[in-house]
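We have chain A already, so just place chain B on it with the hints.
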Amino acid sequence: MSSGGATGGPKTDRLFTDKKQNLDDAYAAPSDFLEIDIIHPETHGLGKNRYSDYEVLMRTNIPIFKMKESSVRRRYSDFEWLKGELERDSKILVPPLPGKALARQLPFRGDDGLFEPAFIEARRTALEDFVNKIAGHPLAQNERCLHMFLQEPIIDKNYIPGKIKCAFDMIVKCCLFSLLSSYRVTSH
Amino acid sequence: MTTQGEPGSSLEDQEKLLDDAVRRVKRNAFDMKRCLDQSQVMDGVNHAGTMLDEMRTSLLSPKSYYMLYMNVSDELMHLSQFLVDEYGKGNRMPDLYELVQYCGNIVPRLYLLVTVGTAYIKVREGSRKNILRDLVEMCRGVQHPLRGLFLRNYLLQCTRLALPDTGQDKEQYGDGGVEDSIEFIHLNFGEMNKLWVRMQYQGHSREKEKREKERLELRVLVGTNLVRLSDLQGIDAECYKKQVLPGILDQVIQCRDPISQEYLLECVISVFPDEFHLQTLESILRTCQKLHERVAIRKIVVSLLERLIKFSENPDSGGIPSDILIFNIFSVEVSELIQNHKSVATVDGLAMLSSVLNLALTVYPKEISYVDQLLSFCLKCVESVPEADINNITLKELLKLLKVPIDAYNHVLTIIKLETYAPLMARLGYQHRKDLSVYLCQNLIDTGIEIPTPQEAEEFLGLIESLIKKQSDEPTGEIDPEDFSEEQNLVGQVVHRLVSPVNDQQYHVLTTAKKYFTEGGEERLRYTLPPLVFAAMKLVRRYYADKDADDKWEKKLQHIFQFISQIIHSISSAGLSELSLRLFIQAALSADRVHVETIAYEFVSQAFMIYEEEISDSKAQMSAITLLVGMLEQMGSLGEENHETLRSKCAVTSNKLLRKSNQCRAVALCSNLFWSGRIAESNAHLRDGQRVVECLRKALKIANQCMEAAAQVQLFIEVLNYYLYYYEKECESVTIQILEQLIRKINDSLPHLGANEEAEQIHKHFQLTIQHVVHRQKLSEGSTGGPNYAKLKII
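Quick note, the sequences are listed as chains A and B, same order.
Per the UniProt record's numbering, the first sequence runs over residues 1 to 188.
Per the UniProt record's numbering, the second sequence runs over residues 1 to 795.
Check each hint, because a few of them may be wrong.
[Said to hold, decoys possible] Taking beta-carbon pairs under 7 Å as the criterion, some of the chain A residues facing chain B (in silico):
{"#": "1", "residue": "Leu23"}
{"#": "2", "residue": "Asp25"}
{"#": "3", "residue": "Ala28"}
{"#": "4", "residue": "Gly47"}
{"#": "5", "residue": "Tyr51"}
[Stated by the list, open to error] Here are the simulated DSS-like cross-link-like pairs (lysine-lysine), alpha carbons at most 27 Å apart as the crow flies:
{"#": "6", "chain 1": "A", "residue 1": "Lys68", "chain 2": "B", "residue 2": "Lys210"}
{"#": "7", "chain 1": "B", "residue 1": "Lys396", "chain 2": "B", "residue 2": "Lys310"}
{"#": "8", "chain 1": "A", "residue 1": "Lys133", "chain 2": "B", "residue 2": "Lys396"}
Since the hints were made in silico from the structure, they are not lab data.
Here the structure is a predicted model, which means the values were calculated and not measured.
We treat Cβ as the ideally placed atom computed from N, Cα and C, and that holds for glycine.
Extracted from the complex, chain A is given alone in its bound form (with noise of 0.2 Å):
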């Protein structure tokens, strides 16, 4: 925090304006809204076919997400899936994923390894973390995989990667709106 100093930057203009802002925009609730919420962690199976996974649950308002409201059940392997079709295909530095916990696979362990519920519930917040950083990002939202990730009941992972060509439009649209519905901007 040392940017400060009075000479430090350009001089603001003024971007002045007869228009009045009508106060239905200036209220209006946030055209952005996105909420992902991982919860309620379940492990089903037995012996070496037994695995947790989680319900996702969205909530959004986003014109580029088919549903306003989504829920579905995704396990640690769909994350790491999600993050590599991410990487291969967009422009945006994807998050780390919490680890792998290999220690915890280890045979012979006191405790319950990869199911105790402390060590869910930490994986949990990670996720959930790793996720809204993720479909916060316009650039990921453009991706195919997010939103089979998020909306779709089962994963096909032999989709045809792509962009969502309209929505993407929506999506500058909404940026240039918000920028014209700021009053003042630093120009130079």
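Below, chain B without anything else, positioned relative to chain A:
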């Protein structure tokens, strides 16, 4: 559970973050002041900018951010003071105003701009109007809710004394008018409200409550705008109505945010003067119609009404102007609200109507029709809701509403005149109806008002019916006997407030009351009927006193005595024999006073009948016979024949008592009848010494039969006292011999008593009696009149 690892969410984290930030602020402020002291302005401003970087943080909670803000704004005061005092001399303010706009970050840049801008105004170099306008526009650069709110609060704080106003201010600055201030504050207010409302959308939706709490903590920041507006002297009622208020209400309505709407309207009501509100009642009330359904509209309307009531009561205010039909406005607008706004529940409606009622009663105390109008609207409201939906809270509100006119008029006769009062009261339900009845009775008793006509009595008793008779909706559970008797005693007191100045009318009033009370059931009439008997006896005395003016008085008295007799009979048939015996005795004395022998005799004989048929407990018998003898001794209207019958009846009855000691005492008591009893023919006392002595001798004989020594001696002493009494009254049949004989007898018996507390008492009694005799002996020495004790020898 922390959400997404957000830093600074725990209390300790907050403290540490704040401490660190404040430490950095202090350090930079120190550098700033050092530079300013050496007149290195640019370096000082640079340090101020670095200090202001702290305000860019996102890590602090609103509370900690506020603490940080306080520190920073304190330090900025130095800068501002320096700019006004020192820099202004010889330096050009516009240059500095330009220069600070090159600050790298928007938040510090705008804090500096506001600081320099206000100094600029204070040294009166530039156009105040333009600078203010520029500042309020520039602040739009910060759209983050928390940071924006505090920046704009800083703007308000700095410009507090620099806003254009009328009067002195105009001469000092010469530029800008009050309209510019209004526009400036309107703009700032709109922006701040927007930021404040947007806070709601920050963070996860599960933290909604926490955010609402934080928003409430910050509300004063937004409200300060309204306070600034109310501080402007140049705003009059007209300007407020046309310009100021519409600008505020626009934002209030459009923001559609319940927290903001509720707070801002309350703020408007509390910061602006009542004279302004009187001019804008309709727009405020119509705004209420457009509010979000979570807004407590009732609170807003009630607080407005309460202010206006206080205003109209204040003698300095000059009252409410007659051209403002305040009652009409409120009754129309509030009923609109109740009918049209879906979040206004019946209970809220009633609370608002209660306040309107209060207003009507304060401002227009004589307009009963207003009150009736409101009550019938209340009734309509209550009736429009299915009975099942009316809960206890609603009923409590209705109860409160119905108490309003009682308190205001302090006159139950006016309450009776309100046509809708009774039907509305009927809606209350048993318990509340009873509470209100108690309240009405208490008011009647406290005010001492008298209910003069049978119609009014009928209506009043109808209102308090839940106290008088069993109700169809009464719960079946057990009644607390203490509460019950308290209530019924209250009703008993009400009887004495049923008073007409006209005798004939009073009679009708009492018969009306009797009609109600006799329906009350046995458990109630012991409380309600005796007062009615006494009220009737009071009327007997009134008729007798006015007998010369009314030739039918005897006939009328007969009616009243019949009335009394009926009431006492109802009491007696409820099994209350001791009470009815006493009432018959009272009635007999009452009839005796007005010299109607036959009726008096009838009442006495009724009393004896109850004695004989109903009273069997020996203690009760003794006290009854004492009363009967006392009554007969007091009476003067009986002829010899009747008197003879009754006094022998007393003697015979006394003789028949079970216990010897009671017999002895009662017989001795009867001696009074032969001495001070009076008969109508001669209107003189009987003074029959012969019979007196017979009675006392008989009493002694009975005492002799008493087996227990102590009791016997006690009785001897009591009889001795009777003898002494009659001796002193110069009853010739009482002789010295009789006295000496009895004293000797007592002296003989006393030593056998032994030594205990009871014996001691008896000794004492005897000693005092003898002392009295000795005293009288000394007094009579040398005097000729009075009883002659000289010959009495006390051994």
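Cross-check of the supplied hints:
no.	hint	in the structure
1	Leu23	4 Å, holds
2	Asp25	10 Å, violated
3	Ala28	9 Å, violated
4	Gly47	32 Å, violated
5	Tyr51	24 Å, violated
6	A:Lys68 x B:Lys210	25 Å, holds
7	B:Lys396 x B:Lys310	24 Å, holds
8	A:Lys133 x B:Lys396	53 Å, violated
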